[in-house]
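Novice: Sequence:
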Amino acid sequence: MTKERLKTLKKQMSPYETSNTKKSILQLINTFIPFFALWYLAYLSLNVSYLLTVFISIFAAGFLIRIFIIFHDCCHNSFFKNRKANKIIGTISGIMTIFPYSAWAHDHSVHHATSSNLDKRGTGDIWLLTVNEYVAAPFFTKLAYRIYRNPLVMFGIGPIYTFLIKNRFNRKNAKMNERMNTYITNISIVALYTAMCFLVGWEAFLLVQGPIFLISGAAGIWLFYVQHTFEDSYFEADKDWEYVSAAVEGSSFYKLPKVLQWLTGNIGYHHVHHLSPRVPNYQLEAAHESSEPLQNVPTITLKTSLQSLKFRLWDEDKKVFVGYRAIKEKIAENKNKNKLTVSPK
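Here this note's numbering is used: position 310 in the sequence shown is 310, and no number is missing along the way.
Derived from the structure by calculation, the hints contain no laboratory data. No residue lacks a Cβ here, since even glycine has one placed at the ideal position from N, Cα and C. None of the hints are false.
Calculated pairs, DSSO-like style, for lysine-lysine (alpha carbon to alpha carbon, straight line, at most 27 Å): (1) 87 x 175; (2) 120 x 175; (3) 23 x 81; (4) 10 x 255; (5) 172 x 87; (6) 255 x 11; (7) 328 x 318; (8) 175 x 84; (9) 87 x 23; (10) 166 x 142; (11) 120 x 319; (12) 10 x 120; (13) 84 x 172; (14) 120 x 166; (15) 258 x 22; (16) 255 x 303; (17) 11 x 23.
If you anchor each label on the Cβ, the simulated ranges turn out as follows: (18) 190 x 28: 20 to 26 Å; (19) 188 x 34: 18 to 24 Å; (20) 259 x 28: 16 to 22 Å; (21) 299 x 197: 41 to 47 Å; (22) 319 x 122: 17 to 23 Å.
Work out the full structure, taking the sequences as your base and the hints as a guide.
Specialist: Written out as structure tokens, the structure is:
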């Protein structure tokens with residue numbers, strides 16, 4: 001697409017950038033109430049079978065993901081028109097999902113401003129190295145990277161570290177309002193969890209909340225991962241990087257079954273979201289359907305998205321994601337170049 005066409009796409013999103021208070025309130029009702037109901041059912045099922053508890057927890061985890069999408073929209077000030085309302089609901093939903101509202105809103109805004117920019121990686125994104133960077137990296141950096149990108153670590157240990165540990169601390173240069181919001185969130189989480197332990201018992205609480213947390217956490221990181229990790233994605237150095245191109249070409253359209261699309265708050269329309277973060281989640285599908293070019297962006301399904309598990313590095317020359325096998329090819333290529341530069345005796 002030409003730059004003019006890309007700019008036109010951005011303008012086409014304007015009609016969908018306004019929140020609807022009735023739809024937002026309805027979403028609060030049809031998300032929070034089912035979550036609490038399923039949590040209670042999971043608790044009652046402990047007297048029947050723990051397998052049943054885990055089964056119910058899967059559905060509860062789906063609604064917790066939906067709560068996170070509400071939190072996510074509030075961070076963009078797109079869920080309500082009123083900024084204070086967004087902060088209040090965002091903070092409450094942040095306590096539910098153990099994310100500090102103000103701190104995450106900052107990091108996520110940086111992510112949107114720098115997504116797919118090779119020179120501005122490191123805030124609000126998943127650790128990514130290019131093939132050249134990996135080849136040149138010292139042994140322990142390579143080892144750490146391989147451990148980090150291992151699916152068991154990324155989707156298993158990842159949620160535990162990110163949600164329980166990393167989210168509890170403020171960034172170095174955070175302003176006082178941001179720091180206070182994190183402190184309030186942390187205190188509220190401790191108070192909520194303590195109250196629940198007294199109410200149902202700490203063992204019952206862990207048996208119910210544990211699987212909900214792990215399932216929703218793994219699924220959340222998977223969604224974030226797959227929305228930017230697909231073969232023909234977009235990554236450029238800062239001098240060639242362009243916001244709209246990064247949004248449309250560097251964010252996938254994750255075409256999910258309708259039930260999963262609803263539970264994940266339409267976040268599969270990630271290309272639309274990155275193109276215009278002010279579009280609330282319940283408007284993303286309509287915005288997508290309104291534009292033919294947006295319907296022709298890179299599309300992945302549940303089946304094809306599994307291929308992203310083999311993607312480890314970004315190849316700057318071929319401009320595609322590749323696996324570790326590409327490292328051998330790059331090393332062999334460098335050796336051949338070195339031979340050619342050596343003068344014959």
